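> Going down the list, the protein sequences come from chains A and B.
The first sequence lines up with residues 1 to 272 when you count with our numbering.
The second sequence lines up with residues 1 to 366 when you count with our numbering.
Take every hint as true, because none was put in to throw you off.
Computed beta-carbon distance windows for the label pairs: (1) 52/B - 234/A: 53 to 61 Å; (2) 234/A - 18/B: 38 to 46 Å; (3) 33/B - 44/A: 32 to 40 Å; (4) 21/A - 56/B: 47 to 55 Å; (5) 48/B - 92/A: 30 to 38 Å; (6) 48/B - 189/A: 42 to 50 Å; (7) 187/A - 18/B: 25 to 33 Å; (8) 92/A - 135/B: 27 to 35 Å; (9) 92/A - 10/B: 46 to 54 Å; (10) 34/A - 135/B: 57 to 65 Å; (11) 44/A - 116/B: 52 to 60 Å.
Hints listed in this document are in silico derivations from the structure and should not be mistaken for laboratory results.
These numbers were taken from a predicted model, which means no experiment stands behind them.
Positions of the beta carbon are idealized from the N, C-alpha and C atoms, including for glycine.
Okay, here's what each chain looks like letter by letter:
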Amino acid sequence: MKFHNGDEPPVRRPRAQVISKRFDRIFMELANIASFVGRFFREVFLPPYEFKEIIRQCFEIGVKSLPLISLTGFIIGIVFMNQSRPSLAEFGATSWLPSLVSIAIVRALAPLVTALIGAGRIGSMIGAELGSMKVTEQIEAMEVSATNPFKFLVVSRILATTFMIPALMMYTSLLALLGAFLNVNANEGTSFTTYFTQVFDAITFLDIFSSVTKSALFGFTIGVVGCYKGYHSSKGTEGVGKAANSSVVTAMFLVFIEELLSLQVITALRAL
Amino acid sequence: MSAAENKRAVVVGIFVFLALVILVVGVFVLGGQQKRFTKTIQITAVFDDVTGLKTGNQVLFSGVRVGVVKGITFEGPSQVAVAMDITEESQKYIRKDAKARIGSESFIGNKAIVLYGGSPQLPVVQAGDRLGTEAQLSTEEMMATFQENNKNLVAITTDFKKLSSGLARGEGLAGALLTDDQLAQNFQAILANLQKTSATSMRVSQALAQFSNKLNTQGGLADDLLTDTVTFNKLQATMTQLEQVMATTSEMTSKLNNTTDKLNRNDNALGVLLNDPEFALDLQLTMQNLEAGTDKLDANMESLQHSILLNGFFRRKAKREAKQKEREQQKQERLRKLEEKQNQKNAPATKATTPKTPADTANSAE
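All chains, please: the whole structure from these sequences, using the hints.
Right, here's the structure in full:
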């Protein structure tokens, strides 16, 4: 069965078992995800462009996440600085705290924490929102009303997460570094100029570039997972909860996998 | 577009704008700090070993960051060429004969290329120049030196252990000094004597100093001897005369020797008188005979005095002698009285002259 706009049914149920029921389902899921991502890239460049919806999603995803992300980043800066101090103090190297914290925050903590909080808040929000739309057959209703639900619901959300997570990451970095500065200033009396000189002395362009790229990838992943889980949720209220839950868990898991892979790529780039 | 949508779009725009500002500021601060956006020239230096050096490490000149390591490539059989980007603003401080070595930013910090030296009279470094390098001790070489030092330290401590155990047992002079009480007391006494001697020496040196000061006093004999040419000439003349006197004395001594020799011989009268015992005995006998003869002559003269023929002569002689004696006594008496009178005159005269002025005294003297 095909819809008028060419959409495939959400899940292709196998008629015959190929490997085993479980493995068949996993590979089927992978194929569906690949098809979903492929369709996103196809739809994203084709008009009409849903700018209003993209802006709305940016507001919901980015701006509304800012307080939570900012507070988290600020606290992480203070905590990380405080926890790193004893180890460096053993070597009498507390003057290296700004360098250590800047590397940790810019290279790893800011993208990862932003992505994880984004996965928790945004992933669940997208999953639940699309899941409930699916359950209440709003998506089908959009199809009937000649609106492309994929472009309106999925593409706008994935684009919003892809752009907003790097932006949130920048805020997180800044606030985490400020939090760390307050801590190091209170304990070591390091001045603002000295602190930020040491911070920027320790990092490179590659660090900033890789963080932004990584965050965009994390945002894309969160968007894709959330949309996929919500868009393909099963019928019923239970399906909404499952979609929200699995979108968070899957997004977080994938974020960690991507962090590991990106680390390998960046290390290889750094060696060049 | 509704007002709410408008507001939302503006907020999103501000949100994205601020994120971009953070990114751009970060990039520019980083670039400025790492001098990525300043004009640079590339120079190279060839090292034998660049352990720990990486692309992007700092290039320091007098401790100031002047560039970054741009590339590390092999050159020749085993050497490594390090390309460095140096900022144009610091180019004017680096001369063509400046040298490069591999140092580090801090004790446990990253490696860095350290540029140093350079003659001010030489032109500044240009793009493509190749700086001379100086081989630095690697960590392995330093450890090898430490190992050698450790061996030496072990040998020294072993020797010192033997030495200290010997000292503890009282072996050798030093050991005996440490353990033998008597020797220690002797040593203490020697030290005390030395202390006294040094005090005496100090006094002697002070006296010598005073003496030399006196010698240097102007107008003194020594100073005159050393400085006054007239005195020196007189002294020279005196010495010449002394020499002559000595020559005369020598001649006289020689003659006296001859005389003494002759006196020691018996071939002359004085020699016989002094040396011949028989002659001495004869002479003694002669003297005894003379003494006996004199006694007899005294007796004869006494008897002659009392003889009738010469009695008158001796009485007149006695009277003349008595008169002579009386005149002498009278003369003495007159002299004594005259002196007494003179003394009585002088006593009031002295009392009267005391209130007189010196002028009066002078007049009276006149």
